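Visitor: Chains as they are written, first to last, in the numbering used here: chain A, 1 to 253; chain B, 1 to 204; chain C, 1 to 276.
Simulated from the structure, these hints should not be mistaken for lab results. Values in this document were obtained by computation on a predicted structure and should not be read as measured data. Ideal Cβ placement from N, Cα and C applies to all residues, glycine included. Careful: at least some of the hints might be erroneous.
[Unchecked claim] Residues from chain C shown here face chain B by an in silico Cβ test under 7 Å; the list is partial: (1) Ser78; (2) Glu137; (3) Asp166; (4) Trp167.
[What the hints assert, rightly or not] Over the 10 Å line for every Cβ pair with chain C, so calculated as not near, a few chain B residues: (5) Ala46; (6) Gly65; (7) Gly122; (8) Val150; (9) Leu202.
[What the hints assert, rightly or not] Restricting the straight-line Cα-Cα distance to at most 25 Å, the calculated cross-link-like pairs of lysine-lysine (BS3-like) are: (10) B:Lys114 x B:Lys79; (11) A:Lys246 x C:Lys128; (12) C:Lys202 x B:Lys178.
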Amino acid sequence: MLEKMKEKVVQTQLFKSVFRHGYPDNELNQAYVVFSNIFLHIHPVKVRRSALRMRYTFCLGGITLFLFIMLAVTGIWLMFYYTPYTGLAYKNIKDIQFVIFGGNLMRDLHRFAAHGMVLFVWLHMTRVFLTGAYKAPREFNWVVGVVLLVNTLILSWTGYLLPWDQLAYWAVTVGTKMASYTPFIGQNGPWGAQLGVNPTNDLMFMMIGGTVVGQNALIRFYVLHCVVLPLVVTVFLAVHFWRIRKDGFSGPL
Amino acid sequence: MSIVADQSQNNDSGVLGPTEQGRRKFMLAAGWGVVGATLAGSTFAAYKYLFPPILYEPPTVFKIGHVTEYGLGVDERWKLKGRFWVVRNMRGIYNMISICRHLGCTPNWFPDQKRFRCPCHGSIYDVHGNVRGGPAPRTLWRGQITKDPVDGALVVNTVIRLDPNPAQTPQGLWVKEKVKEVNPFWLEHAPPAGGSCSSNRLLC
Amino acid sequence: MENKAVREIFPRDAKKSYGLVELMKGASPIVRKEPEDTVYTWPNLIMIELICALLVTAALILLVQFEHAPLRSLADPSTTPNPMRAPWYFLGLQEILVYFDPWYAGVVLPGMIIVGLMIFPYVDTNPKGVGYYTYSERKFAVFNYSFGFALWWITIVIGTYLRGLDWQWYWPWSDKLAHMNPALVTLVPLHIVFVNLLHVSKDVAKGFCDIIFLGYFAVGMLIPYFFMRKFYDSMGAGRYITFMIFFLSMMGVGLKIILRLLFNIKYIVVTPWINV
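When you get a sec, could you build the whole thing from the sequences and use the hints?
Guide: Printed below as a string of C-alpha cells:
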C-alpha cells in the first residue's frame with residue numbers, strides 16, 4: 001500500500017519538477033540526489049567507507065554546524081518578541097520566559113545551543129589538531145576555522161548584552177573597557193593618551209557609541225548579533241566547507 | 001609626414017610610441033588613484049559614522065547638600081543615583097567615583113576592612129583611592145566638587161576627574177594625599193563636632 | 001571486502017595500445033580511477049548526519065527540562081553582583097586579567113592566542129601524523145597544544161570553583177558566604193623585592209628586572225639553537241623565531257601566574273608606559 005502510494009507520488013509532474021530524479025533507491029538516483037541538490041551537494045556523491053568511521057571525526061564539525069542552524073532558527077523566534085530598547089528589553093525577556101507559549105523553550109534552547117556551539121568548536125578544533133588535519137595543503141582552512149572560532153565567541157559576547165540584565169551589563173562593560181586598553185587607539189592603553197586618544201574618540205567609544213554602556217551599545221550589539229556576525233559566519237562557513245572539498249579530506253585513504 | 005607620425009602612435013602598428021606608453025601609465029596610475037581615494041574616503045566616512053556627535057547619557061552633575069550633612073568617613077548615599085562616594089576627613093571633603101580603574105565595575109565599601117573591593121577581578125583600594133591590592137593599574141578617580149555660589153550646597157561633577165599622572169608617582173598606584181587635596185577636587189572644612197579619626201587613621 | 005588485489009592501480013603503458021579494463025556491476029561516477037572502497041553518500045553519510053542532529057536536538061531538549069537559561073536582575077550601573085562571574089568560556093580571560101594589566105591580558109594576549117593558532121600550520125614542519133591520531137610521531141606539537149589548552153581550562157576551573165566573593169581565592173572547604181580579609185601581604189613589583197633583599201637602589205633593581213625579562217627570551221631563543229640543532233634546522237630561521245616568540249610568551253604566562261600566586265609579584269618589568 002505505502003509502496004504503491006510512493007510509486008504514484010514519484011511519478012507525478014510536481015515531484016519530478018522539484019527533484020529532477022526518482023526516489024533514491026538505486027545507485028543512479030543516489031548519485032543524483034546528492035549532486036542535484038544545492039544543500040546536499042557540499043558532499044561528494046561517494047565517500048570512502050573509512051570516512052564514515054565515527055571514531056575519527058566524532059561528527060564534531062557537523063554538530064557545530066547543526067547548532068549554528070539551531071541558533072539561527074531559535075534566534076529568529078526570539079526576535080519576534082524582542083525590542084532592543086533599554087526600557088523594554090528586560091521586560092521582553094521576562095515575557096518570553098514566563099508568558100509567551102514556548103518562549104522559555106526557545107530561550108533555553110538558544111542559550112544552551114550557544115554554550116554547545118562554543119564547546120563543539122573547541123572540540124572540533126582539538127580533533128583537527130590531534131589528527132594533524134591542518135597540515136599542508138589544508139593550512140588555510142585551519143585559519144578560516146580560527147576565524148570562525150573567534151566569530152563564535154564574539155557572537156556569544158554580543159548576545160548576552162541583549163537581555164539587559166546584570167550579567168549583560170557587566171560583561172559588556174568589562175569587555176569594552178578592555179578594548180579601551182588597546183595600545184595606541186584606546187584611552188587607557190599604552191601610548192593612547194600620548195596620541196591624544198580620549199574617552200570620546202577611542203575604540204571603546206566606537207564599540208558602544210557612547211562613554212557608558214547604554215542605548216547606543218544595546219542597538220549596536222543587537223545589529224551585530226542578529227545581522228552582521230551571522231552573515232560573516234555564514235560566508236566563512238561556506239569557504240570552510242568548500243575548502244574541505246577542494247583541499248581533500250585528511251582521513252585514512 | 002603626418003600620416004607616418006599617426007601610425008607610430010597607433011595600436012595597429014603593434015609598437016607603442018613613448019607618448020602612448022606615458023599616457024597609459026598615467027591613466028593606470030590615475031585610475032588606481034581614484035580607486036584608492038574612494039576607498040580611503042569611504043573608510044573615513046564609515047569611521048566617522050560610528051562616532052555619534054550627540055549623546056543621551058545619564059546625568060553627571062549632582063547637587064549633594066551641605067558639608068554638615070555628611071559624617072566622618074565614607075558616605076554611600078549617592079552611589080545608587082550618581083555612582084560616587086562622598087568622603088569626609090578631618091581636613092575637608094572630597095568624592096570618589098565608584099568606577100573601578102581596572103575594568104569599570106562598581107567596587108563595594110567594607111567599613112570593617114576600611115577597603116573598597118571590586119567584585120570583578122579583586123582590586124582593593126583604601127579610603128584615599130590608592131591601590132592596595134589586585135590588578136588595578138591606577139588610583140580611583142576623584143570628581144570635581146564645588147560650592148554652589150547661591151546656597152552654598154556642594155555640587156559634584158563626575159565628568160571632570162582628578163587622575164594623577166603616574167609619571168609623578170610609581171605606576172600611579174600610590175599617590176600622596178597632598179597631591180590629591182587640591183581645588184576643585186577637594187573642599188576644606190573643619191571636622192564635625194566630636195569627630196575622631198581613630199577608627200581609620202587615613203582620615204586624619 | 002578489503003582485498004589488496006582489487007585496490008591495485010593499473011598503470012598506463014605508453015608502449016601498449018591496450019589497457020586492462022574490468023567490467024563491474026553498478027553505475028559508478030568514478031571513472032578512470034582505481035577501484036575504491038567507497039559507498040554512496042545517500043543514504044550512508046546522510047543518515048549518520050541526520051541521527052547526529054536528532055541526538056543533539058534530543059539532548060538539548062532533555063537538558064532544558066532540568067536547567068534553564070539564567071536571567072539576573074535588571075541592569076544596574078551602581079551595583080555589580082558579587083562575585084561577577086563571566087560565562088565559562090570567558091572565565092579563563094577573566095582569570096588572566098587578575099595576573100596581568102588589561103592592555104596585555106585583555107588585548108595583546110587574546111590577539112596572540114588567535115594569531116598563534118592561525119600560524120600553527122605554517123610553523124609545524126613535521127610531515128608525519130596526517131589523518132590519524134598519534135602522539136609518538138608529533139610529541140612536541142601535541143605538547144604545545146595541550147599546554148595552551150590546559151592553561152585555558154585550568155584558569156576556567158580556578159574561575160569557576162576557586163574564586164568567590166570579591167574575586168578572592170576560596171578553597172572548596174572555606175566559607176563561601178563570608179568576605180575574606182584581603183591578604184595581609186601586598187603585591188609588589190619584582191624590583192622592590194630586589195631593593196629589600198639586596199639593598200640596591202631602585203634603578204639598579206629595575207635594571208636587574210629588565211635583564212631577567214630580556215634574558216628569559218634570549219636564553220629561551222638560544223637554547224634550542226645551540227643544543228637542539230635538529231629542531232632549529234628543521235624549521236629555518238623565520239619559522240623558528242616566529243614560533244619561539246609565541247612559545248616563550250605562552251610559557252611566560254604560566255610562569256607569571258605562579259610568581260603571582262606564590263610570591264605576590266605584581267610586575268616583573270616596570271616602565272613609564274607599560275608594566276608586565
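Visitor: Minimum Cβ separation between B:Val150 and chain C greater than 10 Å?
Guide: B:Val150 clear of chain C: closest Cβ-Cβ about 29 Å, beyond 10 Å.
Visitor: For a C-alpha distance cap of 25 Å, please report whether B:Lys114 and B:Lys79 respect it.
Guide: holds (17 Å)
Visitor: At 10 Å, judged by beta carbons, does B:Leu202 keep clear of chain C as stated?
Guide: holds (15 Å)
Visitor: If you draw a straight line from the CA of C:Lys202 to the CA of B:Lys178, is it 25 Å or shorter?
Guide: Holds - the C-alpha atoms of B:Lys178 and C:Lys202 are around 24 Å apart, at most 25 Å.
Visitor: Beyond 10 Å from chain C, beta-carbon-wise, is B:Gly122?
Guide: Given that some Cβ of chain C is not farther than 10 Å from that of B:Gly122, nearest at about 4 Å, it is violated.
Visitor: Restraint: C:Glu137 near chain B, CB-CB cut 7 Å. Satisfied or not?
Guide: violated (42 Å)
Visitor: Next pair to validate is A:Lys246 with C:Lys128; report whether the Cα-Cα distance is within 25 Å.
Guide: Since the Cα atoms of A:Lys246 and C:Lys128 sit roughly 21 Å apart, the hinted pair holds (cutoff 25 Å).
Visitor: Checking a non-interface call: every C-beta of chain C should be farther than 10 Å from the C-beta of B:Ala46. Is that right?
Guide: For B:Ala46, whose nearest Cβ neighbour in chain C is about 22 Å away, the distance exceeds 10 Å, so it holds.
Visitor: Double-check C:Asp166 for me: the hint is only fine if its C-beta lies closer than 7 Å to a C-beta in chain B.
Guide: holds (4 Å)
Visitor: Have a go at the C:Ser78 hint: is there a Cβ in chain B nearer than 7 Å to its own Cβ?
Guide: It holds, given that the least Cβ distance between C:Ser78 and chain B is near 5 Å, below 7 Å.
Visitor: Compute the least Cβ-Cβ separation between B:Gly65 and chain C, then decide whether it is above 10 Å.
Guide: The claim holds: B:Gly65 sits with its nearest Cβ about 19 Å from chain C, beyond 10 Å.
Visitor: So, C:Trp167 near chain B? Judge it on the closest CB pair being under 7 Å.
Guide: holds (4 Å)
In summary, the structure is inconsistent with hints 2 and 7 from the numbered list given earlier, while agreeing with the others.
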